[in-house]
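Given chain P, put chain W in place with the hints provided.
So you can see what is in the structure, the chains are spelled out below.
2 protein chains.
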Amino acid sequence: MIVGELINSSRKAIRPAIKDYDANAIIALAKKQEMAGADYLDINCGSFTLDEPDRLVWLTNVIKEATKLPLCLDSPNVNALTAALPLINDRPILVNSITAEKSRFESILPLVQQYRTGIIALCMSDKGIAKTTEDRIRIVDKLVNDLVKSDVPVEKIYLDPMVQPVATTFNAAKPIFETVRYVKKEYPGIHCICGLSNVSFGLPNRQLINRYFLSQIIAFGMDSFILNPTDQLLMGAYYVSKTLTGEDKFCVEYLKKYRNGLYADSFNYS
Amino acid sequence: MIVGELINSSRKAIRPAIKDYDANAIIALAKKQEMAGADYLDINCGSFTLDEPDRLVWLTNVIKEATKLPLCLDSPNVNALTAALPLINDRPILVNSITAEKSRFESILPLVQQYRTGIIALCMSDKGIAKTTEDRIRIVDKLVNDLVKSDVPVEKIYLDPMVQPVATTFNAAKPIFETVRYVKKEYPGIHCICGLSNVSFGLPNRQLINRYFLSQIIAFGMDSFILNPTDQLLMGAYYVSKTLTGEDKFCVEYLKKYRNGLYADSFNYS
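The listed protein sequences correspond, in order, to chains P and W.
With the working numbering applied, the first sequence has no gaps in its numbers, which climb one by one up to 270 at the end.
With the working numbering applied, the second sequence has no gaps in its numbers, which climb one by one up to 1270 at the end.
Everything labelled a hint here was simulated from the structure, so no lab data went into it.
The calculated lysine to any residue pairs, modelled on SDA-like cross-linking and capped at a C-alpha distance of 25 Å, are:
#, chain 1, residue 1, chain 2, residue 2
1, W, LYS1185, P, TYR187
2, W, LYS1019, W, PRO1053
3, P, LYS174, W, GLY1221
4, W, LYS1149, W, VAL1078
5, P, LYS242, W, GLU1134
6, W, LYS1185, P, PHE170
7, W, LYS1149, W, ASP1223
8, W, LYS1256, P, ASN198
9, W, LYS1242, W, ASN1198
10, W, LYS1174, W, GLY1128
11, P, LYS131, W, VAL1252
12, W, LYS1249, P, GLU134
13, W, LYS1032, W, ARG1091
14, W, LYS1031, W, ARG1259
15, W, LYS1249, P, PHE170
16, P, LYS142, P, LYS185
17, P, LYS12, P, GLN164
18, P, LYS185, W, LYS1185
19, P, LYS184, W, TYR1182
20, P, LYS256, W, THR1169
21, P, LYS249, W, ALA1167
DEER-style ranges, computed between Cβ atoms:
#, chain 1, residue 1, chain 2, residue 2, range
22, P, VAL252, W, GLY1037, 29 to 39 Å
23, W, GLU1134, P, VAL252, 24 to 34 Å
24, W, PHE1170, P, PRO92, 28 to 38 Å
25, W, ASP1054, P, PHE250, 38 to 48 Å
Quick reminder that beta carbons are idealized off the backbone N, C-alpha and C, glycines included.
Here chain P stands alone, though its shape is the one from the complex (with noise of 0.2 Å):
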């Protein structure tokens, strides 16, 4: 599953559009993103600290005219969450995030019961991000816990393991790999998600790793992705890496975009 990334205030092409309160732009990058695939659009507007309720409730009435694709609520604050969940519902709906820090469970899951939304729970506890891979499958366990207890469905929970940059953690992937591989065998039918981006952060020629860091966590059982997905290299590892791991039967998926030109970086073996 792929949620699209690209409408967050964070980034410097879109926070003009948000600020300016541009439909248009916002309505343009939403389809543009159903276009190229994604499953979900993510909203995000928490760089705009003083009214994000008011911005994420603008953005919400925006987007969902403008797609039927469902939304990722993308915000840490109660407030900008209460005020844009009650605007959709026709169609599902993720939040993004919570953790096992005790406030933030405690704050985010009332209203994931209410709106009965799926919820990206983030691998962090009051003690911060996990750093090993034991840190993470403590958490994991805590927070599959908690949420199931709270008559969360498994199928709407997806676990992100907090991807580390490379370049400044010695080994930051491994623990991805195995947290993945753990939460697909322990807890079937609950989700992974991840964003990429910060696995290359610090080092030159970022797609390209995070293009090969998406094809070796799909291949440990990652489904969910927080990407670009107008990113045509990026999405062509996506379906590629699918194909390799079997789930893509027959390679009818692969031939497909094949032919509709996907792939741009190949030429042919000889």
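Then chain W, alone, in the frame of chain P:
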């Protein structure tokens, strides 16, 4: 570890050079692969069925003068191996390959013992190529046991799980992932090796598929590859993937290759 695969008489571009004893063409191809980063050079003239031993002797003599790289004698033909092995006494040798087939194992093993070569061991028995993960693991256990019992040091064993095409074998990659993971866990010190191109057989844009497959199996522990080292995109995939899996501390190798212009298919992250 990279085994350069280009000197192979089944490749149309190379066959004439072997047929006509064109030493200069072979020397050029050896040096080109060395420059491109090969650690070993594969030598295969198996398509010359009538005089493979003579051809292999000629190739070995030409190539050992052209480069100091270790050589990988790629033949199941005992006569060819027996003729060529004594010619190499100044560098490591890899024999490609042995299997768990009774007659092949018994005929190749004495050469491995006598010349203390490394040995590529294919997941193949008298019942044919292994199909499931369980088949592969059973053959792996037998091969490792029989080789170690015969005084072949573990660090000289290169297990090849035998990659099958995803287009014709449902879920072809998964047993490869699991077998490599098993080997690395159960038999530390033993290498895993494979060719790549078989995985994409029958599909368009094969090199793109090969690159992502390379990346995925590196994440599971595959450490050696028989491939075309002059394919820059593929070598890019190799270095990026090693950086992601923590084998490239502080990303030193990645940055060095970047400054040297590798990773040509990338563009800047924005």
